[in-house]
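Asks: All chains, please: the whole structure from these sequences, using the hints.
Single-letter residue listing:
2 protein chains.
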Amino acid sequence: MASPSTAARVSARRYRAASPPATRFDKRLSEILTHATDVFCKKGYEGASMRDLSRASGMSLAGLYYYFESKERLLFLIQKHTFTTIVQRLKSRLQGISDPEQRIRIFILNHLEYFLANQAGMKVLSHEAEALKNGFASEVAAIKREYYRICVGLLDDLKRDRGLQFSTRIAVLSLFGMMNWIYTWHNPKVDADAEQIAREMGDVFLRGVMNGTRTRRDVR
Amino acid sequence: MASPSTAARVSARRYRAASPPATRFDKRLSEILTHATDVFCKKGYEGASMRDLSRASGMSLAGLYYYFESKERLLFLIQKHTFTTIVQRLKSRLQGISDPEQRIRIFILNHLEYFLANQAGMKVLSHEAEALKNGFASEVAAIKREYYRICVGLLDDLKRDRGLQFSTRIAVLSLFGMMNWIYTWHNPKVDADAEQIAREMGDVFLRGVMNGTRTRRDVR
DNA sequence: CTCTAATTCGAACGTTCGTTCGAACTCAGT
DNA sequence: ACTGAGTTCGAACGAACGTTCGAATTAGAG
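Taken in order, these protein sequences are the chains called E and W.
For the first sequence, position 155 (counting from the first letter as 1) is numbered 155 according to the numbering used here, and the numbering increases by one without interruption.
For the second sequence, position 96 (counting from the first letter as 1) is numbered 96 according to the numbering used here, and the numbering increases by one without interruption.
These are calculated hints, taken from the structure and not from any lab test.
Fair warning: this is a prediction, and the values are worked out from it, not measured in the lab.
Each statement offered as a hint is correct.
It does not matter which identical chain is used: a pair holds within one copy or between any two.
DMTMM-like cross-link-like pairs, simulated, lysine to aspartate or glutamate; straight-line CA separation at most 20 Å:
#, residue 1, residue 2
1, K43, E130
2, K133, D52
3, K71, E31
4, K71, D26
5, K42, E128
Replies: As structure tokens, then:
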């Protein structure tokens, strides 16, 4: 209980921090996280056993526990790192852009680009959202809420700027649905790249949310 | 191995058929399916144990195996029944409607209404789509493909009717994303009913897919 | 090379998993 | 009341689960 668990806790805190340090421990941990992400992606969190993770990362079963104290914490580290990264990138990409429509297009592009470049991680994030409990769950939920609120802000800005009327909540959640569902169907050999899909989804969503208030609702 | 497994196989075939017969066996089975659906919804397929299902349905662990031969087959029965029902309802609702826009609105309304009325079943269908293997998986996949193709047909009709240009595949999958994502956020105490959400999502989607070809893509 | 701390591992822990089996019970038809 | 099929269950199976522990190995500073 003494030294390993302490070391693991310290590094876990370091994991998302500045990259420079990158001790041997940190490198090995992030390798394990990468392999674990693939396994969770393929078999699901509950469906993946610690022995699966051991096989995938080429380390003994017991050896894994030197790097994290439980399977649940491992999932937590994956989700937190993935989510933190996508939020970070979004913020930096939004800097200096002021046109509301353009900002939403950047939001969509950032989300889809990261999603397709890190499909496994994003699938684990979307699909295993309910797998964590209590403390772990709430920490990830906080990041999710921040991300959600950013999107709400972008849409409210557009509404104000263009004088539009629609339910922000439904719009935001519809947009997330469009984008996140991609993990169920995207096939790199058939489908276009992130940029083009972002353009097409952006077209549909933005046109859908702008332009007057209603389509013709004839017939009955 | 003799009589029980035969009986179970026979009734499973009967499960989705005409309602009139409804033997004692069939009634009990569908009660079990209902409870199992709730448990799978809450804990996930892998996360739910047969002992959980036994507790939820008020039947002994061994007793369950009189009604189906494996946990996987139980999930299959749930998915097949849910999917078959929603396709059936859609077909009957589409009869007699010829306006392409109206037909798409019916598709959306049917999907969301059934989704919210059978949240547990639809979540198990959406969220556990990859849990089945081989024969079970392909049978459900066939229904899914049929449902998908119906939606593609509706959109292609709209395109032809209105002379529009967009990627049907991306549009259909975006629409499914918008709709299916609902299981992650819908809260009956906060959110509107299916009819209103269907109207709002229909507005966004249809407006997005109609109206010329492009939004103004100014700025760079 | 030496010594210490960091890292890895084989073996085993107690628990829970999905499934099986034969005995017991319930019920409809006689 | 008797019978046979339909239904339920307690008990147990071997396998797999997440986790632990102490010993063995390795790496880096002196």
